[in-house]
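Enquirer: One letter stands for each residue in the lines below.
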Amino acid sequence: MTEPTKQPPKQASLNPLSLKERMKLPHQHMPEQSPLERATNFTEVNLGYSEELARQEAQRCLECPKATCTIDCPVGVKVKEFVQLIVAGDFMGAAAKIREDNVLPAITGRVCPQEDHCEGGCLMGKKVAPLGIGYLERFVADYEQGHLDISKLPKAPPTGKKVAIVGSGPSGLTAAGDLVQQGHQVHVFEALHTPGGVLVYGIPEFRLPKQIIREQIDYMRAMGVEFETNVVVGRTVTINELLEEEGYDAVFIGTGAGAPQFMGIPGEHFNGVYSANEFLTRINLMHAYEFPKYDEPMVDFRGKNVAVIGGGNTALDAIRSARRLGAGKAFILYRRSEAEMPARIEEVKHAKQEGIEFQVLAAPLEFLDDGKGWLAGARCQRMELGEPDASGRRRPIPIEGSEYEIPLAVAVIAIGTTANPIVQTTTPGLATTKKGYIQADETTQKTSRKGVFAGGDIVTGAATVILAMGAGRRAAKSIHEYLTTSGEW
Amino acid sequence: MFKILHAEFLAPGIKRFVIEAPRIAHKQKPGQFVILRLYEQGERIPITIEHSDPERGTIRIVVQSAGKTTNLLNSLNAGDSILDVVGPLGKPSEIKEFGTVVVMGGGVGTAMAYPTAAALKQAGNRVISIVGARNKELVILEKELREVSDALMITTDDGTYADKGFVTDKLRQLIENGTRIDLVLAIGPIPMMRAVAEMTRKEHIRTIVSLNPIMIDGTGMCGGCRVLIDGKSEFACVDGPEFDAHRVDFAVLVQRNSMYRAAEQKSMEEFQRETDSQVKSVRTGQIGACALQGDGQ
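Which chain is which? The protein sequence lines are A and B, in order.
Just so you know, we're using my numbering here: the first sequence kicks off at 5 and counts up by one.
Just so you know, we're using my numbering here: the second sequence kicks off at 118 and counts up by one.
No wet-lab data here; the hints were simulated from the structure.
Any given hint could turn out to be false.
What the hints assert, rightly or not - Mimicking DSBU-like on lysine-lysine, the simulated pairs with C-alpha atoms at most 30 angstroms apart in a straight line are:
id, chain 1, residue 1, chain 2, residue 2
1, A, K438, B, K238
2, B, K146, B, K281
3, A, K214, A, K159
4, A, K70, A, K156
5, A, K130, A, K82
6, B, K349, A, K439
7, A, K376, B, K238
8, B, K238, A, K450
9, B, K319, A, K438
10, A, K450, A, K438
11, B, K319, A, K376
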């Protein structure tokens, strides 16, 4: 990043408008499918900017001397620069500019919580709406996809070093993309049958179409990244074997926060109670919403009540999927208030437009069945907010005597994940935290094992796509350093 | 793609496959399984590995036709390929010297019990095997099991081969004869495993069963395969598939396995209506490929 200067580089700016004029430009809204229409299909909600909309929105950028957008971006996308290239109509130049720091722009442009990063500190946002950086990134990435010949991507001269990436989610893909551009041979192992990790099994089609992920993976293949699916590292092959027998010089572990958390309340085994991971995997990876065209089935709950317990993006993905599968009443059950919900603002807005109800300050105590093992309802309890807890959010406190029952056909538990232990327990000498996550340095992503790096949810616990990508980026830098120096640990 | 090198019916509806899968063959231990998917629109199903040959890089599985996927699989032959095979998954069987071990296989469960029986024999145990099948035609792996057993007993439900009755009848005889039994391993249909568990519970004989709940990823990620063990949820794919039979809630296993019965029947009916075209298209990796074009999936 360049040192901030005091004044915007007026002569260098590609934007003819004065700062005052820019402030007056209206924020360009994202065209989207109407709520009524989209609540019955799995097609993407957001339709994307046209070239015209993109240029209009891009003109709003104030080109701040101190670009908080870039500073607040976990992978450091040069926002100001790429936005100016949009203003100038050089969309391919803008795409190349983004790709200097972000190998998955079509994905982050869709699923990043921009309000927490680039758009959060945007000066425009203090007065009017912040610059639509996510929408612009998405526009540029989609434009690039339509205009780029990936067979002509430049390739770095080979270094002769081999890196294994364990897991093809956001952190692994980012590390792979950065490393292959340095000339290292990069091989990505994926446990499932399709690369993409949580992007494929976790995020629904209406928010991140599978086609977009495929295109990003194809792009990486064209850069030279190799993918091998159906390999569960720890079972099919171990980290030790990769280093000692298969000739890898370094390994990056980005296996994600794999294991679903249940609530430990009675009745969680009833038919119709799902973990969010299973519910979403059935829908996203296995296409259960297209049964019988696809073989994977889903419980038929058309017209019935569906509740998702939790308030994060995963919870919203699940309940909005349930709505599309024909749920009668679809609602979120969250133990704190809406202000404490970790979900992206846009998701909450979209969910409400689609008729999702939010029952906040309530939590289930027990699931009830129909006498035959099928979920029939839940006994819930109301909550009030107390003092902030360790997460900084106000703690929910049960209200005595507030218990009530609700009828339910399906309940999806989306209260978080825990560390999947497969890699940790099969890799001697790999230090883990008390909760089973892998210990890795926050800057270098180095683990306790020489040559082994880790990043993303398997280090931090469940977070976001962009934070995992940030870790992948730091790891790639550190791996490159390790491979091109004496390899000290 | 995983190439099928050899395929043969062991009995009507029960087929054995030799599949090229070098990584899995290299790592497999008795009791572990693979998850496979046949074609792009297919489901993922777990199948126990019957045998592996690390030198040739092959694994063997035995499959009984039950629903659409297993029927399609059993229509494949040498030269065909399976789109996805991942493994070995699950914890391996505990292999050590227990003393006298009774290995019980019901139906196709016999193929799953076989590798563990062989390993237990190798570990110095006295292995008494009891194999049960509905009729003579469905008795499988008799020769293989005999080779690794000190004694082999066979029952058929209809008495068309060996002794008429159930595997539990033989177990009861062993117990009544005062045979010292240190461990029972029972793999087969849920009612059979439950019956064995009830019988050995009273005798305080340690008993292991291999559970077969509905699974998707097989790595502990989705939790769909959770079973109730001593009232607590455990995942069959990573905590199992073998569990202490006396701690298993079989009623919940039956209940959870029934969750998609209606859908499974629908798929099966469709398969029966269009067997030929589905079998043909599974070989190309796509079922209903025309219908899929243009929807961006």
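Enquirer: Each hint: holds or not?
Expert: Comparing the hints with the structure gives:
For the hint pairing K438 (chain A) with K238 (chain B), the CA-to-CA distance comes to about 40 angstroms; that exceeds 30 angstroms, so the pair is violated. Taken as a hint, the K146 (chain B) and K281 (chain B) pair is broken in the structure, with Cα atoms around 34 angstroms apart against an allowance of 30 angstroms. Between K214 (chain A) and K159 (chain A), the direct Cα distance comes to roughly 26 angstroms. Compliance with the 30 angstroms bound is thereby established for this hinted pair. Of the pairs offered as hints, the one joining K70 (chain A) and K156 (chain A) is violated, with about 36 angstroms between alpha carbons and a cut-off of 30 angstroms exceeded.
Straight-line distance between C-alpha atoms of K130 (chain A) and K82 (chain A) comes to about 21 angstroms, which keeps the hinted pair within the 30 angstroms bound. Taking the CA atoms of K349 (chain B) and K439 (chain A), the gap is near 20 angstroms; set against the 30 angstroms cutoff, the hint holds. Proximity of K376 (chain A) to K238 (chain B) is assessed by CA-CA distance (about 42 angstroms); at most 30 angstroms being required, the pair is judged violated. Of the pairs offered as hints, the one joining K238 (chain B) and K450 (chain A) is violated, with about 45 angstroms between alpha carbons and a cut-off of 30 angstroms exceeded.
The straight-line distance between the Cα atoms of K319 (chain B) and K438 (chain A) is roughly 40 angstroms, outside the 30 angstroms bound, and the hint therefore fails. Straight-line distance between C-alpha atoms of K450 (chain A) and K438 (chain A) comes to about 18 angstroms, which keeps the hinted pair within the 30 angstroms bound. As the CA atoms of K319 (chain B) and K376 (chain A) are separated by approximately 28 angstroms, the hinted pair is consistent with the 30 angstroms bound.
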